[in-house]
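Take a look at the letters that make up each chain.
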Amino acid sequence: MSHHSISVKDLGFAYPDGTRALAGVSFEIGHGESIAIVGANGAGKSTLLMHLNGLHSASEGTVRIGDVPVTAKTLSGIRKTVGMVFQDPDDQLFMPTVGQDVGFGPMNMGLPEDEIEARVDDALTRVGALGLKGRPPYRLSGGEKRAVAIATVLAMCPDILVMDEPTSNLDPRARRNLIELLGTFEHTKIIATHDLDMALDLCERTIVIANGTVAADGPTRDIFADEALLDACQLEQPLVMQGCPVCGHGGEAPPLG
Amino acid sequence: MSTLESGLYRLGWLDEFSGRDTPMHRIDPRAKVLATVVFLVCVVSLGKYDLLALLPFVIFPIVLVSESGMPPRELGVRLAIAAPFALVVGVFNPLLDQVVIGSIGPIAVTGGWVSYASIMMRFLLTTSAALMLIATTGMTGVCAGIERLGVPDVLSTQLLFLYRYIFVLAEEVMRLARARSLRSFDHRGMGVRVYGSILGHLLLRSIARAQRVFDAMQCRGFDGHVRTRTALRMNGHDWAFLWGWSAVFILFRFVNVPLLLGGLVTKVIS
Numbered sequence: 001m002s003h004h005s006i007s008v009k010d011l012g013f014a015y016p017d018g019t020r021a022l023a024g025v026s027f028e029i030g031h032g033e034s035i036a037i038v039g040a041n042g043a044g045k046s047t048l049l050m051h052l053n054g055l056h057s058a059s060e061g062t063v064r065i066g067d068v069p070v071t072a073k074t075l076s077g078i079r080k081t082v083g084m085v086f087q088d089p090d091d092q093l094f095m096p097t098v099g100q101d102v103g104f105g106p107m108n109m110g111l112p113e114d115e116i117e118a119r120v121d122d123a124l125t126r127v128g129a130l131g132l133k134g135r136p137p138y139r140l141s142g143g144e145k146r147a148v149a150i151a152t153v154l155a156m157c158p159d160i161l162v163m164d165e166p167t168s169n170l171d172p173r174a175r176r177n178l179i180e181l182l183g184t185f186e187h188t189k190i191i192a193t194h195d196l197d198m199a200l201d202l203c204e205r206t207i208v209i210a211n212g213t214v215a216a217d218g219p220t221r222d223i224f225a226d227e228a229l230l231d232a233c234q235l236e237q238p239l240v241m242q243g244c245p246v247c248g249h250g251g252e253a254p255p256l257g
Numbered sequence: 001m002s003t004l005e006s007g008l009y010r011l012g013w014l015d016e017f018s019g020r021d022t023p024m025h026r027i028d029p030r031a032k033v034l035a036t037v038v039f040l041v042c043v044v045s046l047g048k049y050d051l052l053a054l055l056p057f058v059i060f061p062i063v064l065v066s067e068s069g070m071p072p073r074e075l076g077v078r079l080a081i082a083a084p085f086a087l088v089v090g091v092f093n094p095l096l097d098q099v100v101i102g103s104i105g106p107i108a109v110t111g112g113w114v115s116y117a118s119i120m121m122r123f124l125l126t127t128s129a130a131l132m133l134i135a136t137t138g139m140t141g142v143c144a145g146i147e148r149l150g151v152p153d154v155l156s157t158q159l160l161f162l163y164r165y166i167f168v169l170a171e172e173v174m175r176l177a178r179a180r181s182l183r184s185f186d187h188r189g190m191g192v193r194v195y196g197s198i199l200g201h202l203l204l205r206s207i208a209r210a211q212r213v214f215d216a217m218q219c220r221g222f223d224g225h226v227r228t229r230t231a232l233r234m235n236g237h238d239w240a241f242l243w244g245w246s247a248v249f250i251l252f253r254f255v256n257v258p259l260l261l262g263g264l265v266t267k268v269i270s
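Order-wise, the sequence lines are chains A and B. Numbering-wise, the first sequence is residues 1 to 257 according to the numbering used here. Numbering-wise, the second sequence is residues 1 to 270 according to the numbering used here.
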C-alpha cells in the first residue's frame, strides 16, 4: 500500500471541556487524490485535519497513513509523510528569516547542510519566493507569507499535503496564483476550505462535514449541484455556479473533473 | 502612527540594518558578545564617583558606529527612548548626597551630582554598546553566539522566540487598542477595568497562539532543540577584536586614563 493514502475509520473526538467535535467520521483517500473538506464554521474541519498528522489523537476509531496507524510511536514518520499548512502563516513562520524557517523541517530531519540548502532553494523556487530568502517573515505581505508557509512544508518533501483554509485573507491575484501553484503539485492533497470556487478548481472530490460527521462524500461537481444539501450544511453554491446577479442568466456548468 | 507602531518600525529597522555587510557585521557574534560583556562589566564595576574614568570607554561605541556605518541619529533616537528610565533612577542622588567633593571654578560640586552624571554616563555607554551589538549582529546571530558559548538551549531559544513574537504580540495589542479607542467616547471606556479585560484577552490569545506555534513546530519535527544554521568560525580578526578590546577595557577599568593624562600634562607644563 502506498504512503500517499489515508484511511479514517469511525473517528470520534471530544475536547477536554466535553465539546464533541467529531463522531463516526470515516473515509478513504487514495494516492494522488485532491480532496476538499467543506463545512460551516465549527463543523469540525480543523479538528479533523489535526488528526491526520497526530496533533490530536483519536479518542475513538483509527487514522492510518498508508500502512501505518497514527499513534504516539509512529508520529515522527507520520509527520514526515503528512505536511500541514496552517491557516495563519504567523503561527507557522517562527524563525528569524524565511530561509531559516524553510530549513527548520529538513534540519530537524537531520539532513546534511548542502541537502538542506538545496531543499530550501528548491521549495522557495517552487512557490516563487526565492527572493525572500533572507527577509524576516514579519515583514512579508499576506500572500508572500502564505507562499513561504507552503514552502516550509514542501522542503520536507511530504507525500501528502494537508491545508487549512489556504486562500483565506488573500487578495484576488494572490488567491489565483496560489490556486495555480497548488494545481501543479502532484501530492495527495486535502484542503479544508470555505472557498468553494477553489475547491471546484482544484479538487475532484469533496467531503462535506456537518456537526462533526460526514454529511456527504462524492465528486465535487455533484455535491455543489445539490443545493438542498449545501443549504442544510449552511453552505452556498460556488459563485461560478450561481446565476448572474445582473442579467439573471444561469451559472456556468461546473468544469469536468 | 502610534508610539507602539513607530517602536515596532524602529525595531524592524535595526533588524534590517543587522543584515548589512561591513567589517563590524562580519566579526563572529561570539567575539562581539564576549567583548560587549567585558565592556559592560568594566563600566558598571567602576565606583559611583568615577566619572572621569568612564570617559575613555566612549571609544568603543564610537568605533562600532563609525565602522558599521550606523547613522548616529538612529542610535540617538533609540537612546532617547530609554533615557527617561535612567533619568528617573538617579534623580534623588543630588538631593540625598550633598557632600562637596570638588569644584569647577567657583561652583562647588556635590557627590550627588557626580554620581547622577555617572549613572547617565553608564546608561549611555551600556545601552549604546548593547544596541550596537544587536545592530551589527542581529538577534539570530546573538542567540547563535550565546548558544555556542554554552548558554543553555532553553535560554537562547526563549530569547529567539521572544524577539520573533514581539512583532506578532505588538500587532495584537495594536488591534485591541484600536478597537477599544474606536468605541470609547469622552474618556468613557478608557478606565482601568477595560485595561484589565484587554490584558486578560491578550493573555488568552497569547496562550492560544503559543499552542498553535508549538503545533506547527511539532509538525516539522521539533524535538526541543532549535538548530540554527549560522555557521560560526572564529578567525584571526575575531580573536584580535576580542582580545584587543578586552585588554583596552581592562586597562580603562584599572587605570584612570584621563587623570593620568591630566597629571602628565600638568607635569610637562610646570
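Among the clues, some could well be false.
Between beta-carbon pairs, the in silico distance windows are [to be verified]:
1. His194(A) with Leu203(B): 27 to 37 Å
2. Pro112(A) with Glu74(B): 48 to 58 Å
3. Glu74(B) with Gly42(A): 23 to 33 Å
4. Glu16(B) with Phe27(A): 43 to 53 Å
5. Asp17(A) with Leu202(B): 50 to 60 Å
6. Asp67(A) with Met234(B): 20 to 30 Å
7. Val77(B) with Asn169(A): 57 to 67 Å
8. Val77(B) with Glu186(A): 33 to 43 Å
9. Gly69(B) with Gln234(A): 15 to 25 Å
10. Glu171(B) with Asp171(A): 30 to 40 Å
11. Pro94(B) with Asn169(A): 26 to 36 Å
12. Leu130(A) with Val77(B): 29 to 39 Å
13. Asp231(A) with Ser197(B): 35 to 45 Å
14. Pro84(B) with Gly77(A): 51 to 61 Å
These aren't lab readings, by the way, just hints derived from the structure by calculation. We put the beta carbon where it would ideally sit given N, CA and C, even for glycine.
Okay, the hints, checked on the actual structure:
no.	hint	in the structure
1	His194(A) with Leu203(B): 27 to 37 Å	holds (29 Å)
2	Pro112(A) with Glu74(B): 48 to 58 Å	violated (40 Å)
3	Glu74(B) with Gly42(A): 23 to 33 Å	violated (48 Å)
4	Glu16(B) with Phe27(A): 43 to 53 Å	holds (47 Å)
5	Asp17(A) with Leu202(B): 50 to 60 Å	violated (22 Å)
6	Asp67(A) with Met234(B): 20 to 30 Å	violated (49 Å)
7	Val77(B) with Asn169(A): 57 to 67 Å	violated (33 Å)
8	Val77(B) with Glu186(A): 33 to 43 Å	violated (52 Å)
9	Gly69(B) with Gln234(A): 15 to 25 Å	violated (58 Å)
10	Glu171(B) with Asp171(A): 30 to 40 Å	violated (19 Å)
11	Pro94(B) with Asn169(A): 26 to 36 Å	violated (56 Å)
12	Leu130(A) with Val77(B): 29 to 39 Å	holds (34 Å)
13	Asp231(A) with Ser197(B): 35 to 45 Å	holds (38 Å)
14	Pro84(B) with Gly77(A): 51 to 61 Å	holds (55 Å)
Consistency with the previously given hints fails for numbers 2, 3, 5, 6, 7, 8, 9, 10, 11, ordered from lowest to highest.
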